[in-house]
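Using the hints, put the two chains back together into the complex; each one sits in its own frame.
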Amino acid sequence: MPDTAPATGPLIGRDRNWHPPAYTPHYKTSVTRAPQRALVALGSTLTEETGPAFGHSILGPLDNNLILNFTGQPAIGERIIVHGRVLDDSARPVPGVLVEIWQANAGGRYRHKKDGYLAPLDPNFAGCGRAITAPDGRYEFLTVRPGAYPWPNRTNDWRPMHIHFSVFGTGFGQRLITQMYFEGDPLIARCPIVNTVPSADGVGQLVAPLDMNAAIPMDCLAYKFDIVLRGRRQTRFENRLEGM
Amino acid sequence: MQNLHQLKESPSQTAGPYVHIGCMPNFLGNTGTYPVDLGVSPMLDGALGQAITITGRVIDGAGMVLRDVMIESWQADAAGHYPGQPGADANVTGWARFAADFDTGFWTLHTIKPGRAPAPNGQLMTPHIALWIVARGINIGLQTRICFADEAPANAACPVLARVEHKDRIATLLAHATAPGTYSFDIHLQGDAETVFFDI
Ligand SMILES: [Fe+3]
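First to last, the protein sequences are chains A and V.
Mapping of the first sequence onto the numbering used here: residues 1 to 244, in sequence order.
Mapping of the second sequence onto the numbering used here: residues 1001 to 1200, in sequence order.
Think of the hints as simulated: they come from the structure by calculation, not from any bench.
The model shown is predicted, which means the values in this text are computed figures rather than measured ones.
Heads up, some of the hints might be wrong.
The following label-pair restraints were derived from C-beta to C-beta distances [unchecked claim]:
no.: 1; chain 1: V; residue 1: Gly1061; chain 2: A; residue 2: Pro61; range: 39 to 49 angstroms
no.: 2; chain 1: V; residue 1: Asp1186; chain 2: A; residue 2: Pro198; range: 29 to 39 angstroms
no.: 3; chain 1: V; residue 1: Thr1178; chain 2: A; residue 2: Arg190; range: 22 to 32 angstroms
no.: 4; chain 1: V; residue 1: Asn1003; chain 2: A; residue 2: Ile76; range: 42 to 52 angstroms
To spell it out: a stretch of chain V is covered by chain A in this simulated footprint if at least three of its residues, at any positions, have a beta carbon under 8 angstroms from a beta carbon of chain A; those stretches are [what the hints assert, rightly or not]:
no.: 5; stretch: 1026-1036
no.: 6; stretch: 1060-1071
no.: 7; stretch: 1094-1107
no.: 8; stretch: 1114-1126
no.: 9; stretch: 1134-1145
For each residue, glycine too, the CB sits at the ideal point set by N, CA and C.
Just chain V, with the same shape it has in the complex (with noise of 0.2 angstroms):
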């Protein structure tokens, strides 16, 4: 048989509890390095929309709070257009890097709330934030989506929320409104409350 010439992936191994020293080092405290971290706000002064703190925990099937979880978020401007896109709000550099505190395990996002992009089949999806989660433990990065709560007319006619077959799951990937311009996400690796993870 012929040889289909392709590479593999490179096989992901976990990112550790010292991901901070390579990925987030002035937040650690390690300054001297560089200047600044990379991806501190998902946007500049200027960018249009709603601005919104999200905040949450990691939590494992131990009901334990992981304080040496990275995260990274990906969305889009208040338009829906991604960074690149035509239209899109230059104010948006949509990508974020934030790590959970190491005494409270709590992590922050500080962002404006997206606006609905195209599915592939045109459909729009729901507002949503793309979270990339690494952590010690974590073999390789877990992918979910940050909802909202208070979507959900655009939540019932999301084809991504579609495709989770348990509905009572989708719950797992809305934020909810603590206050005005303030919402609360926690994520569940384990459990009755297990975040739903998708395989994209």
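One chain only, chain A, in its complex shape (with noise of 0.2 angstroms):
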């Protein structure tokens, strides 16, 4: 049994200087959107240290096959693994959690409702899927490569490559949604919404390694994304004065 992450006990605060600031005015849309008065500080309660619980029960045996999980035929594109782990700021796995994702096709179109990008829809891609990390943290996705695309925001944006993730903790406080970026890929430089993380390493927390170890021969290659959340106070002292 590995030790895993504890599923209880307060949460330690975010480092709001390794995220990405709300008012990032590269990103336009921010602009409108970002909170201008100061955040209330608050440690977390038991509403933040509890949180939903998902079984396997809600998943079907191709939720997180994105080649295949739309109509059953085989969607077109370059296929790859996307895997890695869920962990906590000990590095611990996060066992028994829902991680959901979500990307545009092979040409940069997303099957949705508002996206009208020129790239064609593909017929056999939803471009959704979903995955409860193992007792040891691990997911594994099997998809095709996302196309870039351009985007209305300054006069010539292009998203590079990249994958959508929403990650469940243990804790409504340990929600996240973040991207994935691919190695190499020249466009992560240039996309303001990558740059709005403010530090060069935290972007490269976002960039996944090809993973050629993980790769099948002659099918498909991989790339490994390991997930951090937020991780839990030990109590190694009672916080508690004498004789209460």
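Below, the structure is given as structure tokens:
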């Protein structure tokens, strides 16, 4: 049995200097959607330390296979495995938590009523998948490499190839949405959404390396993407006054 | 110096405008992959307590209603127990996920009114529903709480509301009854009525 992340206890505060700030004017939509007042600091309470749990009964057999999970006929594109672990701040696996992903198809087009990009829809690709982490924190998806796509921001902004990730922890206060990028994509450095992350090290944490050891010869390449959730405080000494 | 060997939390990135594809595909109309969306209700038949409906909008600094916002909620049962705790109502699952209507921007949550759960100091928090709000242009999910204007004594004794330094801003956390069992709760991202968001 691996030493796994504790499922209860106070959450360690978020490092707001590591995450993107709310107001990032090169990503224009943030300008009117960024709160302007200071956040009200609150240590975690029972409300954030508890959270929803999802059992394997919610999963269908193809939920983590985006190539086949829409119509049963294979989607078009470069076949890739995307795999990794969900960890806490001490690198302990977080087992049994839900990981959801969504992405554009191989041409850079989303199956969404608001996406009018001229690349065609793939009739066999919905672009969504989900998995629950194993006892060692691992998850795995089979999908196609998403295409880069242009978006209305500055005059010629393009999103690098990316997969959106939604991750649950064991507490509602650990909820996280992020994006995975692909090693070597020259559009990463140019992207104003990527660059909402303040540091190069932070950006690097969102770039998945090519993982030839997990690639399957004559079948598909692989990328490895570990996700780190907020940890919980270890209670070494009770913070309680004598006699209470 | 030694190394603490601690990992940093993965940096947040915006959910973008297409969050529904991954999180609410059936709501979007992308049927065929999942039989139902997760979080369509925070309760099962037989949940104890007062059934309530909360509707609202999320409004940006230019007064525009967000039509691409997704919200998740988490709450206690009518007695203030969270799912999984001893004594919790087995018919309350506590978690819901809902999105703004693509045309009107209104979102709706059908639930039961939660009870009072204890804060870390043992005092009781006022009945509340925690929200986590994501959308295009929001770089990291916003955390706030729906409390209830008709719970004045509990609100006055709530250690969380007491953390809001500018007391006039507490009003931004209060849902108001518009009819029996029906509440209204708008969320303002900026401006004079900016909602209180928490760093938890
Ligand atoms: Fe995207």
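Hints versus structure:
1. V:Gly1061 - A:Pro61: 39 to 49 angstroms: holds (46 angstroms)
2. V:Asp1186 - A:Pro198: 29 to 39 angstroms: holds (31 angstroms)
3. V:Thr1178 - A:Arg190: 22 to 32 angstroms: violated (48 angstroms)
4. V:Asn1003 - A:Ile76: 42 to 52 angstroms: holds (46 angstroms)
5. 1026-1036: That given contact holds, which follows from 7 residues of the stretch 1026-1036 of chain V lying within Cβ reach (below 8 angstroms) of chain A.
6. 1060-1071: n = 6 at 8 angstroms, threshold three: holds.
7. 1094-1107: Since three or more residues must qualify, the claim that chain A covers the stretch 1094-1107 of chain V holds, with 3 doing so at under 8 angstroms.
8. 1114-1126: holds (count 5)
9. 1134-1145: holds (count 11)
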